[in-house]
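**Student:** In case you want the letters, here they are:
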Amino acid sequence: DSGVTQTPKHLITATGQRVTLRCSPRSGDLSVYWYQQSLDQGLQFLIQYYNGEERAKGNILERFSAQQFPDLHSELNLSSLELGDSALYFCASSVTVIAGVGELFFGEGSRLTVL
Amino acid sequence: SQKIEQNSEALNIQEGKTATLTCNYTNYSPAYLQWYRQDPGRGPVFLLLIRENEKEKRKERLKVTFDTTLKQSLFHITASQPADSATYLCALPDSGGYQKVTFGTGTKLQVIP
Chain A
1 DSGVTQTPKH
11 LITATGQRVT
21 LRCSPRSGDL
31 SVYWYQQSLD
41 QGLQFLIQYY
51 NGEERAKGNI
61 LERFSAQQFP
71 DLHSELNLSS
81 LELGDSALYF
91 CASSVTVIAG
101 VGELFFGEGS
111 RLTVL
Chain B
1 SQKIEQNSEA
11 LNIQEGKTAT
21 LTCNYTNYSP
31 AYLQWYRQDP
41 GRGPVFLLLI
51 RENEKEKRKE
61 RLKVTFDTTL
71 KQSLFHITAS
81 QPADSATYLC
91 ALPDSGGYQK
101 VTFGTGTKLQ
111 VIP
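Heads up: the sequence lines are chains A and B, in that order.
Per my numbering: the first sequence = residues 1 to 115.
Per my numbering: the second sequence = residues 1 to 113.
Honestly, the hints are just simulated from the structure, not real lab data.
The structure presented is a predicted model; accordingly, all values stated were derived computationally and were not measured.
Where hints are given, some of them may not hold.
[Stated by the list, open to error] Label-pair ranges, simulated between beta-carbon atoms:
#1 Asp1(A) <-> Glu15(B): 25 to 31 angstroms
#2 Thr96(A) <-> Glu5(B): 25 to 31 angstroms
#3 Arg111(A) <-> Ala10(B): 20 to 26 angstroms
#4 Thr69(B) <-> Pro70(A): 43 to 49 angstroms
#5 Glu54(B) <-> Asn51(A): 28 to 34 angstroms
#6 Gly28(A) <-> Asp39(B): 22 to 28 angstroms
Quick reminder that beta carbons are idealized off the backbone N, C-alpha and C, glycines included.
Please model the entire structure based on the sequences and the hints provided.
**Tutor:** Here it is in structure tokens:
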């Protein structure tokens, strides 16, 4: 158990809909990262927050948005969903804002299926 | 941004043998490189971090090397076991300040009993 909690574990929805994925980082970790992993694809970095502030952005679509709340949990909002958005969405946390110098602790992911 | 190449073909080895996985990167050479293990449908799990001046790092049956001249890291599992079967990912911080970590697509290892 990494200590990172993601909900929901599975989500099935229709095209055009909007969903919210939630992540609670490990106790004490201030950084939260969101990654997308499509079938047979690598982990694609979406966005990073540190102590409530956005710190790094990857190839995140404009239809997607995220935020980190004062209690450090984070939410990833996906709107106007398309079939291609079906993927595993992972949240990870770390103590430091500098991901590359320390390990990332990943949650078990939220599997999104868009029909 | 960093481009990472890992052998996309699965690696099948016999139990007890040493598995060697390769990670090649282009562009700049980072000061750190990480290896993770990912089981199907699960989140990646951190295994090792190696710094550019360490050249080699060991943890139990795992060994990682880091050659900044070749822009390559090798990941070895000695005395491999069926439980080692998984996908192994290498990850490097982005040149933009280390906040962003880029992952390779991973190599799937299958250890045959």
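**Student:** Now tell me if each hint is right for this structure.
**Tutor:** Verification of the supplied hints:
At roughly 28 angstroms, the beta carbons of Asp1(A) and Glu15(B) sit within the given window of 25 to 31 angstroms. The supplied range of 25 to 31 angstroms is met by Thr96(A) and Glu5(B), whose beta-carbon atoms lie about 27 angstroms from each other. Here the CB-CB span from Arg111(A) to Ala10(B) is close to 23 angstroms, well matched to the stated 20 to 26 angstroms. Hint check: Thr69(B) to Pro70(A), Cβ distance near 47 angstroms, so the stated range 43 to 49 angstroms holds.
Here the CB-CB span from Glu54(B) to Asn51(A) is close to 30 angstroms, well matched to the stated 28 to 34 angstroms. The hint said 22 to 28 angstroms for the Cβ distance between Gly28(A) and Asp39(B), and at roughly 26 angstroms that hint holds.
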